[in-house]
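The residues making up each chain are set out below.
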Amino acid sequence: MKSSPATSASSLVLRLPMWRSRMVLFLMFMGFVALLGRAFWIQGPGNSFYEQKGKRVERFEILPAVRGKILDRNGIILATSLEAKTVIAYPETFPADLPATKLQALAKLLEMNEKDIRKKITESKSQIYLKRQVEPKVAKLIKELDIPGISMTSEYRRYYPEAESMAHIVGFTDVVEKGIDGMEKEHDATLEGKAGQRRVIIDRLGRVVEDLGDYQAPRNGQDLVLSIDSKIQDLAFKEVKAAVLLHHAKAGGAVVLDAQTGEVLALANWPSYDPNHRTNLTGEQLRNRVLTDTFEPGSTMKPFTIALSLDKGKITPNTPFEIGHLQIGNKVITDTHSYSVLTVSQIIQKSSNIGTSRIALQLQPEDMWGMFTSVGFGQAPKIGFPGAVSGRLRPYEKWGKLDQATMSFGYGISVSLFQLAHAYTIFARDGELTPISMRKLDSRPVGTKVISAKTAAEVRSMLELVTLEGGTAPKAAVEGYRVGGKTGTAHKSMGKSGYSGNKYDGFFSGIAPMSAPRIVVAVIIDEPTTGGYYGGDTAAPVFSKVVSGALKVLNVQPDNNLKDLVMNSDNSLAQKVALKQ
Amino acid sequence: MNRAVLILIIALMGCALMLVTSQQKTRMLFAEKNRLELQERRLNLEYLRLEYEQRDLSKSSRIIDLAQKQLHMSEPKQDKRKYFKVQE
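Each protein sequence line maps, in turn, to chains W and U.
The opening position of the first sequence corresponds to residue 1 in my numbering, with each subsequent residue numbered one higher.
The opening position of the second sequence corresponds to residue 1 in my numbering, with each subsequent residue numbered one higher.
To be clear, the hints were calculated from the coordinates, so they are not data collected in a lab.
Mixed in with the good hints, there may be bad ones.
To be verified - Straight-line C-alpha distance at most 30 Å; calculated DSS-like pairs for lysine-lysine:
(1) U:K77 / W:K140
(2) U:K33 / W:K53
(3) W:K137 / W:K115
(4) W:K241 / U:K33
(5) W:K241 / U:K59
(6) W:K545 / W:K238
(7) W:K185 / U:K80
(8) W:K454 / W:K503
(9) W:K238 / U:K69
(10) W:K503 / W:K241
(11) W:K401 / W:K503
(12) W:K382 / W:K545
(13) U:K25 / W:K545
(14) W:K312 / W:K401
(15) U:K33 / W:K552
(16) W:K545 / U:K33
(17) U:K69 / W:K545
(18) W:K552 / U:K69
(19) U:K80 / W:K241
(20) W:K238 / U:K82
(21) W:K143 / U:K33
(22) W:K137 / U:K59
(23) U:K77 / W:K552
(24) U:K33 / W:K238
(25) U:K59 / W:K238
(26) W:K137 / U:K33
Stated by the list, open to error - FRET-style restraints, in silico, Cβ to Cβ:
(27) W:P136 / U:L36: 19 to 29 Å
(28) W:G149 / U:H72: 52 to 62 Å
(29) U:I10 / W:R199: 33 to 43 Å
(30) W:K382 / U:L36: 45 to 55 Å
(31) W:L554 / U:Q54: 18 to 28 Å
(32) W:Q127 / U:I9: 49 to 59 Å
(33) W:R199 / U:L36: 17 to 27 Å
(34) U:I10 / W:Q127: 34 to 44 Å
(35) U:A4 / W:M30: 30 to 40 Å
Remember, predicted model here, so these are calculated numbers, not experimental data.
Built from N, CA and C at the ideal position, the CB exists for glycine as well.
My request is simple: use the sequences and hints to build the entire structure.
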């Protein structure tokens with residue numbers, strides 16, 4: 001190859017001055033220094049810009065927790081939390097010229113007025129809650145409307161499938177699922193879940209790709225199993241409601257207790273409310289009367305005085321008492337019918353005030369007070385329920401002869417229906433007062449001995465007479481079962497102005513079945529106005545229906561007139577069923 | 001010597017690439033895990049809803065009501081009932 005004359009000519013070789021190459025070297029060095037300086041700046045003090053950029057892909061997330069369910073003793077749901085949506089509007093992006101048809105559709109779905117929505121949208125806020133706790137089905141329809149500036153977030157809403165029949169037991173929560181009443185309030189701490197949280201990185205598709213730590217797992221609330229049997233509860237509620245409507249009464253209530261374990265199987269009130277739709281509720285509807293209202297229990301108190309006297313050996317069921325006329329000071333004790341002589345059993349069967357007073361006056365006030373206290377009167381029941389009241393039992397030092405007599409038949413003392421039912425467990429459980437529980441128990445708790453088993457059995461026999469012909473409550477009888485109990489009819493106390501002449505409370509408190517007591521049921525019908533006012537006419541039929549249904553639900557075998565009913569086990573049908581079991 | 005350096009450089013580059021790949025895989029798996037967790041939550045919510053619906057439909061009060069009104073059924077009278085002891 002021939003070299004070019006221009007490059008080979010030695011005269012053309014440039015001789016550059018040294019300073020120029022040094023200058024280039026220096027500039028390159030300075031360039032690196034500048035880069036290094038910038039790198040330091042970015043790493044150190046000047047990094048907030050990049051931090052900001054980085055935060056766009058970093059997200060803080062709340063991990064929601066579900067509130068625990070409330071279940072009945074058979075695992076049936078009484079309260080549960082389901083997903084619901086909160087509808088939020090962003091006024092900045094909400095179109096001012098939204099077609100009227102779309103706005104109408106939105107208003108209809110939200111059950112709101114169009115004008116109200118328009119008004120809310122004009123508020124100067126960045127976001128506005130249009131409606132909370134919207135059902136997922138409705139939320140889906142709202143989403144389909146595709147209105148800009150309308151967005152939805154998830155939350156939970158509490159649902160109560162048993163509605164009004166269980167309202168007073170279960171209670172309800174507020175919009176943020178905080179327990180406000182009933183078991184929801186009492187067990188709020190355990191039912192409530194704890195939301196978790198974490199910091200994550202999301203990619204450009206919005207997927208979570210990395211956990212940045214700070215992870216706290218969500219903790220769901222614990223389920224609560226109650227002692228309630230929802231079938232018995234439903235039955236009790238229906239019967240109480242029907243009786244209140246039949247007698248045009250002010251209110252009514254019923255309690256069903258397991259006589260052996262002290263578990264509350266049902267606790268019904270009327271008036272009631274639907275916890276799923278709580279608008280315009282009145283105090284009358286909200287009150288759990290069975291636990292929070294006290295009343296003078298009338299003749300339902302008589303068995304306690306008589307049990308005390310039997311226990312002390314002062315009387316036997318067959319001891320005769322001259323009834324006649326009884327006046328204490330200037331007060332005359334009266335009976336609805338006049339009797340000359342009644343045995344102790346007949347005093348209970350006929351519900352004689354004079355007879356019971358004569359028995360009470362043989363006792364010491366201190367002993368009577370001790371008896372009433374030991375069955376739980378004058379103390380709030382330890383049941384774990386908000387608002388349970390203690391009733392009123394005055395100290396025995398302040399009792400006069402008249403007080404002692406009237407208290408024996410249930411005046412001058414006030415109790416709640418719940419306390420009354422609880423106290424009757426002493427007759428059902430051979431003299432032991434059973435502790436009460438609203439939660440399902442695995443074993444039979446230890447009771448407190450109040451009277452002897454013999455006395456309890458004697459009182460049970462007397463109580464059974466009440467429901468037979470000649471007693472005050474044949475309407476309490478239950479086909480197929482032997483039952484017993486005591487009626488009560490009390491003039492309502494009007495405070496200082498004495499007792500009302502025409503306002504009554506009708507009661508019935510009893511036990512079933514008598515051969516092996518399984519349940520204690522107490523019923524009150526408050527201020528019945530038509531169809532009788534005696535406990536035997538108002539409350540006793542409710543007792544009968546509730547017991548009849550409850551014993552079938554509990555698979556209790558009938559114990560009355562069974563010769564024709566029970567087949568022998570060698571019967572072919574029985575064998576067939578036995579084989580299938 | 002040069003050869004050893006070359007091998008180390010290649011190994012280093014291989015490691016670097018594998019690091020990037022495994023990081024990518026981790027992120028994809030994490031995203032998948034997250035998606036499944038969300039799905040689990042959705043299914044749990046759906047289960048709760050179905051459980052509630054089943055409960056609502058199988059309420060004894062509703063069944064008694066339907067039996068009485070639609071099917072005109074009634075409880076048997078006591079004298080029509082037969083009881084028997086099942087052998088244990």
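How the hints compare with the structure:
no. : hint                       : result
1   : U:K77 / W:K140             : 50 Å, violated
2   : U:K33 / W:K53              : 26 Å, holds
3   : W:K137 / W:K115            : 24 Å, holds
4   : W:K241 / U:K33             : 53 Å, violated
5   : W:K241 / U:K59             : 18 Å, holds
6   : W:K545 / W:K238            : 10 Å, holds
7   : W:K185 / U:K80             : 46 Å, violated
8   : W:K454 / W:K503            : 38 Å, violated
9   : W:K238 / U:K69             : 16 Å, holds
10  : W:K503 / W:K241            : 19 Å, holds
11  : W:K401 / W:K503            : 26 Å, holds
12  : W:K382 / W:K545            : 29 Å, holds
13  : U:K25 / W:K545             : 68 Å, violated
14  : W:K312 / W:K401            : 20 Å, holds
15  : U:K33 / W:K552             : 51 Å, violated
16  : W:K545 / U:K33             : 56 Å, violated
17  : U:K69 / W:K545             : 20 Å, holds
18  : W:K552 / U:K69             : 22 Å, holds
19  : U:K80 / W:K241             : 28 Å, holds
20  : W:K238 / U:K82             : 27 Å, holds
21  : W:K143 / U:K33             : 27 Å, holds
22  : W:K137 / U:K59             : 23 Å, holds
23  : U:K77 / W:K552             : 13 Å, holds
24  : U:K33 / W:K238             : 50 Å, violated
25  : U:K59 / W:K238             : 14 Å, holds
26  : W:K137 / U:K33             : 28 Å, holds
27  : W:P136 / U:L36: 19 to 29 Å : 21 Å, holds
28  : W:G149 / U:H72: 52 to 62 Å : 55 Å, holds
29  : U:I10 / W:R199: 33 to 43 Å : 38 Å, holds
30  : W:K382 / U:L36: 45 to 55 Å : 47 Å, holds
31  : W:L554 / U:Q54: 18 to 28 Å : 24 Å, holds
32  : W:Q127 / U:I9: 49 to 59 Å  : 56 Å, holds
33  : W:R199 / U:L36: 17 to 27 Å : 20 Å, holds
34  : U:I10 / W:Q127: 34 to 44 Å : 56 Å, violated
35  : U:A4 / W:M30: 30 to 40 Å   : 36 Å, holds
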